[in-house]
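Add chains B and C to chain A, keeping to what the hints say.
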Amino acid sequence: MMRFYVIILFMLMTILSAEDSCISCHTELDEERDDGDKIVVGYMTGIHAKKDVGCADCHGGDPEAFDDEDEAMWDVDDFLADMEKQDQLDMCGKCHSDPQYMRMFSASIKTDQVSQYLTSDHGKSLVKGNQKVAVCSDCHSNHGILPVKDPRSKVYALNVPVTCARCHADGQYMKDSGLPTDQLIQFKNSVHGEALLEREDISAPACNDCHGNHGAAPPDVVHVKDICGTCHVNNRDLFQKSHLFSVLSKEGFGQCEACHENHAVLKPNDSFLDWSENSVCIKCHLDGGSAKLMADHFYTIIDSLKQNLQLAHSIVDSAENKGMIVSDLFFDLEEARKVLIHTRTNIHSFNITYVDTNAAPGFKASQAAILGAKASLNELSFRRKGLFYFSLIITFLVVVLGIKIKRFKK
Amino acid sequence: MSNIYQWINERLELDDAIKFAKKKRVPVFYGTVWYYLGGVSLFLFAIQLVTGILLVLYYQPGAETAFESVKFIVSKVEFGWLIREIHSWSANLFILFVFFHMFTVFFAKAYRKPREMTWITGMLLLVLGLAFGFSGYLLPWNELAYFATKVGSDIAGAIPWVGEFMLRVLRAGDEVTGATLTRFYGIHIAILPGIFTILLVMHLMMVQFQGMSVPPEIEKIPEKDRKTIPFFPDFVLRDFMIWLIVLNVIALLAVFFPWELGQKADALAPAPAGIRPEWYFMFMFQTLKMIPAHVLFLEGELVGVMFFAIGGLIWFFVPFLDKKAHVGIRSRFWTWFGIFLVVYIIVLTIWGYLV
Amino acid sequence: MTKQSRRTFLDWLLRGGLTAWFASIIYPVFKYMIPPDAPELNISQIEAGTLSDFPKGSSKIIRMGRTPVIVLRKKKGDFKALEATCTHLDCTVQFKTDTEQIWCACHNGFYDVEGRNISGPPPRPLGQFNVTLKDDKVIITKKDLA
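Residue numbers (my numbering), protein chains in the order written: chain A, 61 to 470; chain B, 864 to 1218; chain C, -19 to 126.
There is no bait here: all hints are sound.
Label-pair distances were calculated between CB atoms; the ranges are: (1) C/S38 x A/K327: 34 to 40 Å; (2) A/K466 x B/P1155: 57 to 63 Å; (3) B/R1139 x A/D416: 48 to 54 Å.
Cβ-to-Cβ under 10 Å is the rule here; a few derived chain C residues that face chain B: (4) W1; (5) I5; (6) Y7; (7) P8; (8) V9; (9) K11; (10) Y12; (11) M13; (12) I14; (13) P15; (14) P16; (15) D17; (16) Q25; (17) K122.
Note that these hints are calculated values from the structure, not bench results.
We put the CB at the ideal spot given by N, CA and C, even for glycine.
Just chain A, with the same shape it has in the complex:
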């Protein structure tokens, strides 16, 4: 397959090189840049070649000049190469910020990338002259630029963390910025990182889903709830209305991340509520008090929902293992499981009455499953009793018949 691909590529190159001096010369040179980017091969696999955007469309120069290097490149006015980062914005923006031009390729294509970029921390630093910040090519590649939905693209959801980490995890490189460099490690162990990188679930958030794409910047502390609330909408809504939210905001203690961390968002665990070393409440409420009472209450509710569900499950399973048909009861179990999940969300209201009221159907559902399963276990003991009496009758008959048969012998 690979070989086939290369052959096609070379055929394409020969056809194209007949009219484009950039490709014909640079193919012969077979250049490879420091970051492994092969100019021609990269370009040919990328989106620009597919859309017939040639080298000169970005770099300028004269692709029809075959004989002389200077004539093709250095002597041409608009020729751009080895440019400053700032110039790259203009180069890409020349097309990508032109709605009329970009509409040729797609009616709904976005053209605000450069203006967004200038609002980002990357953009702002660049304007100040920082040459270390990322520009277009740092994330999108130099020549092998692929659409974001192409899994080979460096900005495809699964590849984003590594792409960002190329700079952000490099302590040496980030030294002057004063930023931490452990985000990738933290993210990898987080519930999001596990979903994205290990289960390859592209619905899980990558860096850009919280920080933005071209307008990348750390979210404001006061807006964290809305960033998380993009997906965790119920948690956000409940939290926003809670007294805890107003206290935290007033004191500047953060929002979601105060308990859940930011990059290292752990898979929530019921022991977060348990008043022990795992507890997230204890981080601030060192002396316990009313916070401990509330946490204890929530923990008890969730734990007893869990216990009830487990008990119901085990009784239903045992009825099923004994050959009873209990598939209807799995609906009740499912209901109880859902209430348990919702209760874990509801505690973000930090309101005992609210949590209790909404947990009630869960207890009811577990109870229904337990009753149903017990009924079928009763049915089982009815069957066994029935069998016992039936066997008794038959034994009696067999004995009487036996006596009768003996008499015939005589």
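Chains B and C only, in chain A's frame:
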């Protein structure tokens, strides 16, 4: 009571039948116990008939409804579970007892003149019994049954010339679908019971008219020295006693070892692990699995099918092949042939379950 | 006891035993024949309710075998039935009457009324069911694969 009896008697001559039954005598010797095996098989068939008719009241064939209606029977209908369990258990016991019955008859050489036709009808009844099992297995439309039927009918497709045709007729199409289920249902509740009943009546009538066979060495004893008991009421009462015990065993199995309903069949789902046919097909299934893909120039499956076809035909026509039996001599060859067959079936069945 | 009376006693026992045995067989068979109250477990077709149960812009979640199904009636008046389990992480979805969208509260996933996933984490559209009206009954049926 006696008036009703009298009324019926005047029309159907019950007295004659009882007189016949009383006059008929059953030999008593070491093998008398074998005589019960046929009776037990008959009783199990009667249970099948009754429970089968009861199941028809609620069962709905069809890919969408079959599984649900069986589930409905076992979970919603009162005693529905009992009817289904008894039907499945006595089906299995039926095949088991028919096998016992067949082998005791074989080793007692009871197929010899004048009972060749009893053997032949018995063999046909066995084939029909297996067909009952094969068709009935699919009816709950669960995963295992679905795939077992797929594999089982594939084997029919391996028969030369007519295989493809038979496969299509059996499956009512190229695949196992709802149409197959409807067809199997028809076969199971209409076609098979009809043919079975006719053959069964022939089989029983021959047994009644020709009386019980005794092995050659007992036959050599002069008739007046042989011990016998009257068929009615002595033997009939014993028969009944054993039937009661068998019924009790079935009830016990039904309560303590229920048959799983499993998951609904899904044609698009991958085949589950551990697809296997009913145990009585296991030795054939295992044989086919052991035969290499190609034997000389023939396909492995074809060789297997041919092997069983030839073996079956020999077994079928044993009364005509075993000439010695007709003159009252036990043929060693045929005894060993039978022993080999019993051992073969037992070993391959166990093997099939081990792998 | 004389031989004669012993014999009649034995016959009585036999008769009694036979009657009990017969009764113990007839009883389950008789019970079996009585159709149960529970409606028949019909998996391919289910009644979601009557027309009056569905004012315009309302929805209801029903069970079809093991699958929960959301039956909704748009403001325009037509019906739609979709699988009610979110394709993301199996939460049960709900119908938002104001925007006429289907919403999963767990991670803010949105589907349009046709069941197509339009925003948020859901990776796939929701499964489809057929809705037919028979007199004033709303009947949900499984959609054929073909």
